Amino acid sequence: MEKRDGSSYVFKKETVNKLLQRHFKDDKTQVSDDALLLVAELLKVFVREAAARGARQAQAEDLTRVDVEHVEKVLPQLLLDF
Amino acid sequence: MLNNAFSICRLRAAVHYTVACLCEEVAEDKEIHFSKQAIAAISEITFRQCDTFAQDLERFAKHAKRITIKPEDVKLLSRRSNSLLKYITQKSEELTLKKTEEKAKKKKTSSRTSDEHVGPAAADSEDSNMA
Chain A
1 MEKRDGSSYV
11 FKKETVNKLL
21 QRHFKDDKTQ
31 VSDDALLLVA
41 ELLKVFVREA
51 AARGARQAQA
61 EDLTRVDVEH
71 VEKVLPQLLL
81 DF
Chain B
1 MLNNAFSICR
11 LRAAVHYTVA
21 CLCEEVAEDK
31 EIHFSKQAIA
41 AISEITFRQC
51 DTFAQDLERF
61 AKHAKRITIK
71 PEDVKLLSRR
81 SNSLLKYITQ
91 KSEELTLKKT
101 EEKAKKKKTS
111 SRTSDEHVGP
121 AAADSEDSNM
131 A
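Here the protein sequences come in this chain order: A and B.
Under the UniProt record's numbering, the first sequence has 1 at position 1, and the numbering climbs by one with no breaks.
Under the UniProt record's numbering, the second sequence has 34 at position 34, and the numbering climbs by one with no breaks.
FYI, nobody ran anything at the bench for these hints, they're computed from the structure.
Please note that the accuracy of each hint is not assured.
Negatives, chain B to chain A, calculated, CB over 10 Å [as the list claims (entries may be wrong)]:
hint, residue
1, 18
2, 63
3, 105
Computed Cβ-Cβ distance ranges for the label pairs, DEER-style [unchecked claim]:
hint, chain 1, residue 1, chain 2, residue 2, range
4, A, 61, B, 68, 43 to 51 Å
5, A, 52, B, 89, 20 to 28 Å
6, B, 17, A, 32, 40 to 48 Å
7, B, 95, A, 23, 35 to 43 Å
8, B, 33, A, 26, 38 to 46 Å
As the structure is a computational prediction, the values presented were derived from the model and not from experiment.
Every residue, glycine too, gets a C-beta built ideally from N, C-alpha and C.
Build the full structure now, drawing on both the sequences and the hints.
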């Protein structure tokens, strides 16, 4: 994990590569450098979106703590959006 | 087999750590707390979402008769949301711009000492020039 752009955390390139490589059907499939950075960016947006939607759900219920049930409630729409 | 399980564990740990950091950031923004279970749930979701991403990306590349996944495939992956597509396209353009700048600098740096933007790659090329 590294801190890029000075503001936000991003997944490491090696981590993203290993995550993707695990699920390729063809072992010959490779990922270009730029594509790895973009997938890392995409994953960052995904995580932040999940966290933000969970937070909103908790706030709507007048709570100050996000719990699993809040994440569960926003999960279907989150997966439809990505 | 055991080695494989170990590496998956490490991978999960890496994802969990980054997710926790990102959640902390959101928590500060929104002035709210995340329970440990919620963070674990989000990291598990992210880990599994990678399955879908990887399979889609591989198919996109295959459809374009390539075996290397290119930025265009990632753009296609983010097609479902307009703003996300815009964001990814913008990032991709930034990356290509950076690359062309670096290339231009590399040509110029033969006289200058290492430039912080270009980094080790330029230093290497200078070494090879001197040798």
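Status of the hints after comparison with the structure:
Look at residue 18(B): its CB is around 5 Å from the nearest CB on chain A, not clear of 10 Å, so calling it non-interface is violated. A cut-off of 10 Å between C-beta atoms confirms that residue 63(B) is not in contact with chain A; the least separation is 13 Å. Taking the minimum C-beta to C-beta distance to chain A, about 18 Å, the non-interface status of residue 105(B) holds against the 10 Å cut. A hinted range of 43 to 51 Å holds for the C-beta pair residue 61(A) and residue 68(B), which are about 46 Å apart.
Here the CB-CB span from residue 52(A) to residue 89(B) is close to 22 Å, well matched to the stated 20 to 28 Å. Distance hint for residue 17(B) and residue 32(A): a CB-CB separation of about 25 Å, inconsistent with the stated range 40 to 48 Å. Taking 35 to 43 Å as the suggested C-beta distance range, the pair residue 95(B) and residue 23(A) does not conform, at roughly 24 Å. The supplied range of 38 to 46 Å is met by residue 33(B) and residue 26(A), whose beta-carbon atoms lie about 44 Å from each other.
Violated hints, listed in ascending order, are 1, 6, 7; each of the other numbered hints is respected by the structure.
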